[in-house]
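Chemist: Two chains, each in its own frame: build the complex with the hints.
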Amino acid sequence: MSAPRSGPDWRKVDAHPDFRKLVNARKGFIIPAFIFFCTYYFTLPILAGWFPDLMKTKVIGPLNVAYLFALSQFFMAWIVALLYVRAAARFDRMAKEVLEKNH
Amino acid sequence: MSTPLIMFVGFILVTLIITWKAARQSSGSSNYFAAGRGITAWQNGIAVAGDYMSAASFLGIAGIIAFQGYDGFMYSVGWLVAYLTVLLVVAEPLRNAGSYTMADVLAYRLRPRPVRAMASLSTLIVSTFYMIAQMVGAGTLVALLLKGSGIGFNGAVAGVGVLMVAYVVFGGMLATTWVQIIKAILLIAGTILLSVLVLGHFDFSFAAFFDAITHVKSGGKVVNFLEPGLRYKPPYGAIDLISLGLALIFGTAGLPHILVRFYTVPDAKTARISVVWAMFIIGAFYIMTTFLGFGAATILGSDFIKLNGGINMSAPLLAQRLGGDIFFAFISAIAFATILAVVAGLTISASTSFAHDFYTNVLHHGREQRPGEQVRVAQITAVVVGIVSIIIAILLGPAFNVAFLVGLAFAVAASANLPVIVFSIFWKRFNTAGALSGLGVGLVGSLILIAIGPSVMGVDADTVVGAARHMIQSQPIFPLENPGIVSIPLGFLGAFIGTLCGNEPESEEKFAEMEVRANTGLGAEKATAH
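So the sequence lines, in the order shown, correspond to chains A and B.
With the working numbering, letter number 18 in the first sequence gets 186, and the count goes up by one each step, no holes.
With the working numbering, letter number 483 in the second sequence gets 1831, and the count goes up by one each step, no holes.
Everything labelled a hint here was simulated from the structure, so no lab data went into it.
Treat the hints loosely; a few may be bogus.
As the list claims (entries may be wrong) - Using 27 Å as the maximum straight-line C-alpha spacing, the simulated BS3-like pairs for lysine-lysine come out as follows:
(1) Lys1858/B x Lys224/A
(2) Lys189/A x Lys1617/B
(3) Lys1858/B x Lys180/A
(4) Lys1874/B x Lys226/A
(5) Lys264/A x Lys1581/B
(6) Lys1569/B x Lys226/A
(7) Lys1565/B x Lys264/A
(8) Lys1654/B x Lys264/A
(9) Lys1565/B x Lys189/A
(10) Lys1565/B x Lys1581/B
(11) Lys1617/B x Lys224/A
(12) Lys224/A x Lys1565/B
(13) Lys1569/B x Lys264/A
(14) Lys269/A x Lys180/A
(15) Lys1495/B x Lys1569/B
(16) Lys195/A x Lys1776/B
(17) Lys195/A x Lys1617/B
(18) Lys180/A x Lys1617/B
(19) Lys1874/B x Lys269/A
(20) Lys1776/B x Lys180/A
Here the structure is a predicted model, which is why all the values come from computation and not from measurement.
Just chain B, same shape as in the assembly (with noise of 0.2 Å):
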């Protein structure tokens, strides 16, 4: 057995006797789907970085630096700064109005049924995308770093898939928080080590460090890797980071997986302070990947990373060429555990959208047919949305260009469930009507700017084949990758014009509670006794 393989299947066993332990304690929808309400600010925190920091953040924005330097940093800055909207806006509120989902704070005010319904489908296409995309990523990584094991991309995806789902079905929401703790430490502490690794590799000196930057060979001629306009080039490059800025900024506060943290906790003020901890943790390992990104740059080489395994390899190889092949395995093994934890928190928060909004309230209408069936619904959905992606991910295969459905779950999460969660919280004249103008211009319209943008349109040469080519072959009708700069306005627009042309006079009535609620944290959901 290989020693990244030992490390895969030690991760896996402490994860599953956590599982196991957290399925023996009490049962019930809030212990099963918020864990009780009794996660502490820290562990919260440490929870909702690790639900943030995937595989495309830890490998991705090291390759990216790799290969195009600064740009790579600047694109590493949105992603923290995004966090600021999730703290002032709405970790808070979302905790004192709330119980399980973001539809129960639009359902508050508005005709809960059509809003929880649309809202359970936007959580379902966000999670769905960002999952699919985690999927096919983990299946050419893991083929990649077990290389000679024989474990394919096919194993791995199915592989993947039976454990998040495991997770989710058995241990439920205090499972997956605990998985997400143990995954952040183990990248915290390999990041740690590996930028330590590359500063001593330049004697602790930062600046011979800083000064190799400046003089990186990179296709046979000296770049100054500290300088911006290796990846956002004009005419649309700066236009694109701008749009994909917004998408960060408005989408992270709408990301189902990240609102779903907030009901773990006791009340608002944990909800604050763990963000706080979210923030220092993934501002911290965003900078530290920028030591790792201009380390494999000046250590390595692009020429040599390309030869390698190519751009996602880049931490990997820099951590074989420092830290020798047990470094290598460990880090592999941080990458695997990073993706597998993603997907657990992808996992319950799209079943807990579906058994909680639409099985038990739109189609119940609130109330439960016999005790238990709420988490049993979520259990089951959980198995379904696993065998959905891993079938998908496996079709799609590991050619699959992933990068835009990322790109896609921001964009709706951005441009749907943002504007209605902001005016439901902060507008009294808001309305189901605007509701659901806004969820559904702000999804069709990212939808569709998606697939008429370069990532889905494009003219190949020949030699590129299969799933590596562009799925409509001809020039691409909108410009940018990110649609974020349209579509966040339109869903905004969208939700405000709905609102003008609908008249709810019961909604502007129950927004004296949910202001009261949503500021004093009166009659919020509290932690049950363990």
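Just chain A, same shape as in the assembly (with noise of 0.2 Å):
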């Protein structure tokens, strides 16, 4: 094609819109994602500091919403994470798309 190289062409890659297309699909889950996460997780101190007495409120048996939810805190982790990894299954796709058609 053009003249040789010593490396890829990174400018090309990186303006072709299946590559502008991965990177946008990458932020689309990673931000929202980041955000949900960090509300979720300060939800918890903000509770406990300022409304005590809904974290004393008990649910089943002993167990009372301050420790269920901090209990799901950890759920809410290795969702996030799993969902995170299935969508990341989409973007190696997106990728090596990419990559063959640069080549």
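Modeler: Okay, here's the thing in structure tokens:
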């Protein structure tokens, strides 16, 4: 094709519409996911600090809102991680296609 | 020889054999610094968890819950949630665009020498603070666990220091990784066993267990340990916890000894899967740790723990009560292995950064003068780091309050390292001036806020003596122990304003390359064949 180069043509790949689609798709997952997990996490100390009576409300037997909400944080983190892995498999396929088209 | 000592020696022998085997593998920078990039996803996941689950999290969190109940559980949550930042933002771009250190990613677009020098300084500060905290903790703990064996604080500190240097100098990243893996498996096994014993004590009835937690005898009163408010009290309690949460969520993804782990795997996909492995291990570990803490609160009670070695002995004492002296020895040996593995991880990340960033790239413009020089410099650095931390830990002594040093390490990682990592991956306009000012403001801001905060400043009663006293005897100027809520925005602001002040078309031009590398893995460092 063009003059031989020592490395890949980064600018050409970067400007390729499929690559732009990949970058946007990735940001489309990461930014909302980041905002979601930060909001969910920081709700915990805010409730504990300013709404202690709500946190002390018992839900199941001795288990109160405070304990169940803190425990749910672990499952929230695992679920977001697994959703990301699934989305990332899609990003991997898109990246592979971009590289094949720009070979 | 006491049983704990026999188990300590057993762990040391196994890890030294691994180190000896790793030392016989082929040499070279990629093998020494990144284990040939041949670590698999589950191995690296366990090793990341091993690097992260320090004695502070095992003994410390169990102890906080044993004394302060629910608030300790709430404290433990942030340590796991923080891994979402590592997973979503940092792990894959780092693996795709770097080779050995965090600074590789920064140096890509920016002027490499000043940026590497500054990033290396920040790495050394984070690692050294974290390491001194671990060493002082190790000395206190080993002396306590091996009571009667004749090994005191100084001996324990020196022993831990010599071993960590041996792993790193002779075995490099491969040996350090396997030390982490063995330690993490032991730690998880011990935690599972102890949790099962706790539930067994309540006839495997969760209802009976949680019922007991709501009626804990503490200081002559009956307290519901499932309710918040025992640790984080008004007026600043909740804000301090939020500030710590920010330091964890932004700082974990800026910890040099965690970041280097992503260079040991073959590609970005493996790095991603390894974070998920780490998250399941770390999460399960923290949930079980809360069982240990609540177990210690209900079965032993804080009054008993106070009389028998103090808050950090909650988990070992619980093991002794439920499983006898052999189990106490096993849990003690695990605590020792935990400390040893974490300091080895810190040593290798500090010496890698000094050798690769400062020596090779800043002093010698990225070229090795002689083959194998970079590895040799790292080995010498590891020895120096070991000697310096042994001396500082012994000078500070067992009574020195080290908790704030870990907080400081996270604050620097969050306020100095993370803003510049994020900007260099995602912001086209970012430049060298921005990186230097971000690193500088984050670093200095964290240090000053800690120095004028309640960890360093405070008025002690005359009964408090020696190293346990606050360093400055006056009311703290800054009210929070954790400076993150102020220092992290400062770090981002520093990087932002610095960038606007500079103008660097080269950096903007190279952004295309950075973006393609980070998103596709094109041109990423390959695994070396074994």
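Chemist: Would you mind marking each hint as holding or not holding in the structure?
Modeler: Against the structure, the hints come out as follows:
1. For the hint linking Lys1858/B to Lys224/A, the alpha-carbon distance of about 54 Å lies beyond 27 Å, and the restraint is violated.
2. Straight-line distance between C-alpha atoms of Lys189/A and Lys1617/B comes to about 19 Å, which keeps the hinted pair within the 27 Å bound.
3. As the CA atoms of Lys1858/B and Lys180/A are separated by approximately 13 Å, the hinted pair is consistent with the 27 Å bound.
4. At most 27 Å may separate the alpha-carbon atoms for a hinted pair to count; Lys1874/B and Lys226/A exceed this at roughly 54 Å.
5. Distance hint between Lys264/A and Lys1581/B is unfulfilled; the C-alpha atoms sit about 53 Å from each other, more than 27 Å.
6. Our distance criterion of 27 Å between C-alpha atoms is met by Lys1569/B and Lys226/A, whose separation comes to about 21 Å.
7. The hinted pair formed by Lys1565/B and Lys264/A fails the criterion: a straight-line CA distance of about 61 Å is larger than 27 Å.
8. For the given pair, Lys1654/B sits about 59 Å from Lys264/A by alpha-carbon distance, which is inconsistent with the 27 Å threshold.
9. Simply put, Lys1565/B and Lys189/A have alpha-carbon atoms about 60 Å apart, too far for the 27 Å limit, and the pair is violated.
10. With a CA separation close to 20 Å, the supplied pair Lys1565/B and Lys1581/B stays within the 27 Å bound.
11. Using a Cα cut-off of 27 Å, the hinted pair Lys1617/B and Lys224/A is violated, with the two alpha carbons roughly 43 Å apart.
12. This hinted pair checks out: Lys224/A and Lys1565/B have alpha carbons roughly 19 Å apart, not beyond 27 Å.
13. Our distance criterion of 27 Å between C-alpha atoms is broken by Lys1569/B and Lys264/A, whose separation comes to about 64 Å.
14. Proposed proximity of Lys269/A and Lys180/A is supported: the alpha carbons are some 11 Å apart, at most 27 Å.
15. A distance of roughly 32 Å separates the Cα atoms of Lys1495/B and Lys1569/B; the hinted pair therefore is violated under the 27 Å criterion.
16. The suggested pairing of Lys195/A with Lys1776/B holds, with an alpha-carbon distance near 15 Å, which does not exceed 27 Å.
17. Of the pairs offered as hints, the one joining Lys195/A and Lys1617/B holds, with about 17 Å between alpha carbons and a cut-off of 27 Å not exceeded.
18. The suggested pairing of Lys180/A with Lys1617/B holds, with an alpha-carbon distance near 24 Å, which does not exceed 27 Å.
19. Between Lys1874/B and Lys269/A the CA atoms are separated by roughly 22 Å; this keeps the pair inside 27 Å, and the hint holds.
20. Note on Lys1776/B and Lys180/A: the hinted pairing holds, with a Cα-Cα distance of about 16 Å set against a maximum of 27 Å.
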